[in-house]
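There are 2 protein chains.
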Amino acid sequence: MPAVQAKNSTTERTSEVYRTAAELIVDKGFGGTSIGDIATAVGMTKASLYHHISGKQDMLYQIMQHAMDELERTVIAPVRLIEDPEQRLREIMRLHIMGAIEHGVAITIVMSEISHLEPDQRQDIIKRRKAYHALARQALRQLADQGRLRDLDVNIATMHIMNTLVGIARWYPNDITSNQTRLIRETVEYNVAAILKTTS
Amino acid sequence: MPAVQAKNSTTERTSEVYRTAAELIVDKGFGGTSIGDIATAVGMTKASLYHHISGKQDMLYQIMQHAMDELERTVIAPVRLIEDPEQRLREIMRLHIMGAIEHGVAITIVMSEISHLEPDQRQDIIKRRKAYHALARQALRQLADQGRLRDLDVNIATMHIMNTLVGIARWYPNDITSNQTRLIRETVEYNVAAILKTTS
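Chains A and B, in that order, give the protein sequences. First residue of the first sequence: 1, per the numbering used here; consecutive thereafter. First residue of the second sequence: 1, per the numbering used here; consecutive thereafter.
The following block holds chain A by itself, in its conformation from the complex (with noise of 0.2 Å):
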């Protein structure tokens, strides 16, 4: 089915030209990256990138939403069909921990290029960003129901739990020298026993 094979390889190529956009935006900015930089990273001309994106602030957008895509496929559609919350909550972390490393860190750090969006864009970001915050903010309610949450704000732990996830992006690879299976049961670990009661 050559369609469908020329429609993957488009996308994995969009993918592609947006993960490369992301990495020179964060070494030089987003006022600092021309759409000619992308071009030329990418090896295509600057004729060929436009098939890929409209411009440099609507291209900003479109890394966003693939990011937010991504978290949904990844992350938020396979632990909605995991019943227990603390298990839930695990997985949340460790799938967000290897889909940041895979899809590549700056793509996690763009993220906070929000400024740089039109209000309607940055609107529609944020209100992904906190559905998938309650995702994890309604496991938290759920063990704190089931009496096995310490006694803390939910709100702000779950605000905690997440700048854990994303913060992992902005020291990752070059400051911490452990691998990822280590960096994804250290950062669960951590947030669990934040968390939840002490069994003794």
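No incorrect hints appear here.
Just so you know, same-sequence chains aren't split out, so a pair can sit in one copy or run between any two.
Below, simulated SDA-like cross-link-like pairs (lysine to any residue); rule was C-alpha separation at most 20 Å, straight line:
(1) LYS197 x GLN87
(2) LYS56 x GLY29
(3) LYS127 x ARG170
(4) LYS28 x LEU117
(5) LYS130 x ARG141
(6) LYS130 x PRO78
(7) LYS56 x GLY32
(8) LYS28 x ILE109
(9) LYS197 x ARG185
Rather than coming from a laboratory, the hints here were simulated on the basis of the structure. Given the structure is predicted, the values throughout are model-derived calculations rather than measurements.
Given chain A, work out where chain B should sit, using these hints.
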């Protein structure tokens, strides 16, 4: 002593310029903020503004150095006097959050705009940030030596603590309705529960 008063007044005015500039950069991005925008926001002519800053990039560097100076003065110096590592770590967290709120969260957020600095400037800031992280890491190492730490990776745990602190600037006060005292208590207890062995 009018000379001293003039000096203090200049310093305060400069702090105010930094704070306002940081807020503009967070709102509009570094590339989207002009010296003219900053002058208008602080109610100065561009010529007067140039008494405080020497250019946009230098200003960003000065803002970051100022933030590190404040961290040094209000967090690092006082906690060095605390002998017990748990108490030292608790104070790092408490004073960090108090400082972030007092100096304006925009200054913390601007710290991530490090890509806009010259390589030498970037290295200066990274070096100071590493020294700060080392202070927390040292407290964790002492706790480990005293047998009070859970079995965890001290480098990863240090980063998680730092990310919960830095992350506060990104969502306070928009997403959290709690007050400063609650925010400090919850954050300190979150991280302490994450790292210490339970006493039972």
